[in-house]
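Fit chain H to the known structure of chain F by using the hints.
Number of protein chains: 2
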Amino acid sequence: MSGLLIERPLPHGGRLVERVVTDKKVARKMIQGCPTYEIKPTLHYETGVPVRNVYREIMSICYGFFSPVEGSMKQAEVERVLKERRLLNEWIFPYPLVFDISKDDLNKLGVTVGDRLCLTLKGKPFAILDIEEIYEIDPEELAYKTFGDPETNPEVVQQKFDKKHPGWVIYRSHQPYVLAGKYTIINEPKLKPPFDRFWFPPRKAREEFDKRGWRTVINHQTRNVPHVGHEFLMKCAAFTGDVEPCHGILVNAVIGVKRRGDYPDEAIVEGHEAVNKGGYIKPERHLVSIVLWDMRYGNPLESLLHGIIRQNMGCTHHMFGRDHAAVGEYYDKFATQILWTKGIPSFGFPAPPTEVPYGLKIRPQNMREFSYCPTCKEMAYSETCGHKREKLSGSFLRGMVAEGVQPPSIIMRPEVYKVVVKWWKKFGYPFCNEKYVINKEKELEVDLEDL
Amino acid sequence: MSGLLIERPLPHGGRLVERVVTDKKVARKMIQGCPTYEIKPTLHYETGVPVRNVYREIMSICYGFFSPVEGSMKQAEVERVLKERRLLNEWIFPYPLVFDISKDDLNKLGVTVGDRLCLTLKGKPFAILDIEEIYEIDPEELAYKTFGDPETNPEVVQQKFDKKHPGWVIYRSHQPYVLAGKYTIINEPKLKPPFDRFWFPPRKAREEFDKRGWRTVINHQTRNVPHVGHEFLMKCAAFTGDVEPCHGILVNAVIGVKRRGDYPDEAIVEGHEAVNKGGYIKPERHLVSIVLWDMRYGNPLESLLHGIIRQNMGCTHHMFGRDHAAVGEYYDKFATQILWTKGIPSFGFPAPPTEVPYGLKIRPQNMREFSYCPTCKEMAYSETCGHKREKLSGSFLRGMVAEGVQPPSIIMRPEVYKVVVKWWKKFGYPFCNEKYVINKEKELEVDLEDL
Chain F
1 MSGLLIERPL PHGGRLVERV VTDKKVARKM IQGCPTYEIK PTLHYETGVP VRNVYREIMS
61 ICYGFFSPVE GSMKQAEVER VLKERRLLNE WIFPYPLVFD ISKDDLNKLG VTVGDRLCLT
121 LKGKPFAILD IEEIYEIDPE ELAYKTFGDP ETNPEVVQQK FDKKHPGWVI YRSHQPYVLA
181 GKYTIINEPK LKPPFDRFWF PPRKAREEFD KRGWRTVINH QTRNVPHVGH EFLMKCAAFT
241 GDVEPCHGIL VNAVIGVKRR GDYPDEAIVE GHEAVNKGGY IKPERHLVSI VLWDMRYGNP
301 LESLLHGIIR QNMGCTHHMF GRDHAAVGEY YDKFATQILW TKGIPSFGFP APPTEVPYGL
361 KIRPQNMREF SYCPTCKEMA YSETCGHKRE KLSGSFLRGM VAEGVQPPSI IMRPEVYKVV
421 VKWWKKFGYP FCNEKYVINK EKELEVDLED L
Chain H
1 MSGLLIERPL PHGGRLVERV VTDKKVARKM IQGCPTYEIK PTLHYETGVP VRNVYREIMS
61 ICYGFFSPVE GSMKQAEVER VLKERRLLNE WIFPYPLVFD ISKDDLNKLG VTVGDRLCLT
121 LKGKPFAILD IEEIYEIDPE ELAYKTFGDP ETNPEVVQQK FDKKHPGWVI YRSHQPYVLA
181 GKYTIINEPK LKPPFDRFWF PPRKAREEFD KRGWRTVINH QTRNVPHVGH EFLMKCAAFT
241 GDVEPCHGIL VNAVIGVKRR GDYPDEAIVE GHEAVNKGGY IKPERHLVSI VLWDMRYGNP
301 LESLLHGIIR QNMGCTHHMF GRDHAAVGEY YDKFATQILW TKGIPSFGFP APPTEVPYGL
361 KIRPQNMREF SYCPTCKEMA YSETCGHKRE KLSGSFLRGM VAEGVQPPSI IMRPEVYKVV
421 VKWWKKFGYP FCNEKYVINK EKELEVDLED L
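So the sequence lines, in the order shown, correspond to chains F and H.
Just so you know, the first sequence maps onto residues 1 to 451 in full-length UniProt numbering.
Just so you know, the second sequence maps onto residues 1 to 451 in full-length UniProt numbering.
Excised from the complex, chain F in its bound form (with noise of 0.2 Å):
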């Protein structure tokens, strides 16, 4: 075969985590005399609206979406990984991730360094926590620390951050004590519908990727209902490859905690799934997943954990945009195209995240715009396309389908459109508002059997 040819990249840090037990009789074992703690949503330092909840975390430690990662992070982790962005093993990580805790709860629980703390999840066991450190934190610095501010990362970050930066509200609303240490599922959670049939561990992603024969795999970070304009980033993107284009396309959604405004999650991912049922991407060539996780729209650092995750799904490319995982203006609107093309020192990248040692294998493919042109008749390419062209507006989409019009079959699909009004007649409204976001939090997206 071809040198030129790209194979699928190790996972990220060499191999997969993968800290699930699901022999029963083993769990409940392990579990023997524990003291347990319920997992409850982070609530908003302010309003107490959620914000967050840490199972996520542990789900997506625990399958391997993050992997090297494997539990919550010690606290010369969490200073090294905001320093230089790489763990305590030399791998790139970008983000601190603990299970924090109040101190009243620390003080009712009573557990030391040596304990071992068992997670319960909608009143049933969840995970076990493996205490290797009990420690504080500064929950507003940790918040400023994570993203980066203009002085220190000139490069990118062209505001500091505030309340307004919904990633900067999550860390800022931790609670000061921290509970460090290995997380293990012993009661393996039961994706609901329709979120079920797109759960795509690493492993299980890796394998349907060999049943699939797809060698070369190019990723697409979404957390919106796909319009054509998203189609076409998709389909164009893919044309990337080695000596063919790739011969997947892996939709990967963010699950997690919904902006006001947002569309609902099953909305975003039976939306995609449209798209492949309806014949705009072939089935076989198109696989929509999950991944569960409340954004921290970090921009650039967000990009180095979607590389992490589709890494380790088994991903060859991923695709990134301008104002990748963006929020307002707080970083560069090409801050994530940079890391991956020439790096930023401030922020540990000497060089892109791909060059550095320790770094990521899977390759970006970054993109411009896309919208439609009246004189090519299709969704053009901002770099190819001389035309004079409206730009695609998510917001004016999203306007058009608040007011109940059916956007024209040229921006969005009929196929997605009917999805779009199938949750809104579910949910009352074609968006989340603070209701969905509240109860969602109170459901989640599994739930748990008795172990």
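Bear in mind the hints are in silico, worked out from the structure with no lab data behind them.
Watch out, some of these pointers could steer you wrong.
Note that identical chains are pooled: a pair holds if it fits in a single copy or bridges any two copies.
Unchecked claim - Below, simulated SDA-like cross-link-like pairs (lysine to any residue); rule was C-alpha separation at most 25 Å, straight line:
#	residue 1	residue 2
1	K425	R197
2	K442	G123
3	K426	F396
4	K342	E7
5	K422	E79
6	K103	L82
7	K388	Y372
8	K83	V26
9	K388	K418
10	K391	L4
Here is chain H on its own, set in the frame of chain F:
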């Protein structure tokens, strides 16, 4: 910069061949006292219609399109090319290229090894040939050996070559004596309009890429007026690249003897230009150029020559479709793609041409088909779209044009059709007929001044 970035390849063989003397005084001195010989078109061995003009080979060699070839090949080199598709200097090359002459002409000239021959074109001094060897060939044997046969090349040759194959006819129509030796152009021909503005010999092409800031450039081989399917092939294949889509798209049209029913060369180059003038692909990202060559239609072998020409011009990528440079069913439809992904051992390629010693550096992008999808409402890619589509048949489109019907703009851009009509008016017919072919070989694409 990232190690994933693809740099412009060196010319094939390590350096550009440039054998053009521009100082007229020097040139006059060089041909002082030389015997002269007027280049004539190669005529079909049965019908007498022109099938080739060696002046095009001399142009392509001396301007470096065929680097590292420097002249008419010696007998040992022809044999090595036919056996291993390697030159005597080891670099890969697919075809024998010789200056052939009849016994009569050779006798009249009376030249021997060591002589310098002045080749004239349209009665003007054009180039010199420093004779290093004179030998006899069997044109029929040469024709058979050049293209392969089902016994020797079972991987891709499906049918014995015969006089229905225009490339076979070219070699079969060669004169039986070869004057081998290096060519040097001593009187630069002037390309006639419209060809002059598309003349980018390798050095100039590379300079133009620099000027445009194109690091990655993908080549589109053409001998056709572009329909929208071709436009999509170009636009979509260009999404390959490295960390971002290819910066430039080079259209390189093969200009030479036409087959009946082909579009005239003038319509081909201006038709492609209309794509960028019309804004369907920005002129900043799209460059139309030509190479002088009488197509041999050797499918995988021709693709090697195409790779060599475009690598010499500075391209990083080359798109290859089904039936690349093919006519009839002599070769497997995917013979070119097989060559570039696995190699064809019987032609001397146990691995792809990018993986063998003295091989090519340009990277293949193997593409499938585009055709209009009424559901997607666009030119859809066979590996993406799951709907029922009509195959976009070039013959059907040509039939429509021949009937005077303007094809729908979704099939052929109106700006391109206008070009077809412009040359139709000039030549009296939208496609090449015998009159066009005979006339073209009289007038050629160039004029020469006195020396």
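For each hint, the structure was consulted:
Proximity of K425 and R197 under a CA criterion of 25 Å is satisfied intra-copy only: 22 Å inside one chain copy versus 61 Å between copies. For the identical chains of this complex, K442 and G123 are intra-copy neighbours only, at 12 Å inside a copy versus 91 Å across copies, given an alpha-carbon limit of 25 Å. Taking the shortest Cα distances, K426 and F396 sit within 25 Å of each other inside one copy (23 Å), while across copies they are farther apart (50 Å). For the homomeric pair K342 and E7, the shortest alpha-carbon distances inside one copy (23 Å) and between copies (15 Å) are both at most 25 Å.
For the identical chains of this complex, K422 and E79 are neighbours neither inside a copy (46 Å) nor across copies (71 Å), given an alpha-carbon limit of 25 Å. Within a single copy, K103 and L82 get their C-alpha atoms as close as 24 Å, which meets the 25 Å cut-off; across copies the closest is 83 Å, which misses it. In this homomeric assembly, K388 and Y372 come within 25 Å of each other (Cα to Cα) both inside a single copy, at 10 Å, and across copies, at 24 Å. Taking the closest pair of Cα atoms, K83 and V26 never come within 25 Å of each other, the shortest separation being 39 Å inside a single copy and 68 Å across copies.
Taking the shortest Cα distances, K388 and K418 sit within 25 Å of each other only across copies (22 Å), while inside one copy they are farther apart (31 Å). In the homo-oligomer, the alpha carbons of K391 and L4 never lie at most 25 Å apart, since the shortest distance is 37 Å inside one protomer and 31 Å across protomers.
Hint check: violations occur at hints 5, 8, 10; the rest are consistent with the structure.
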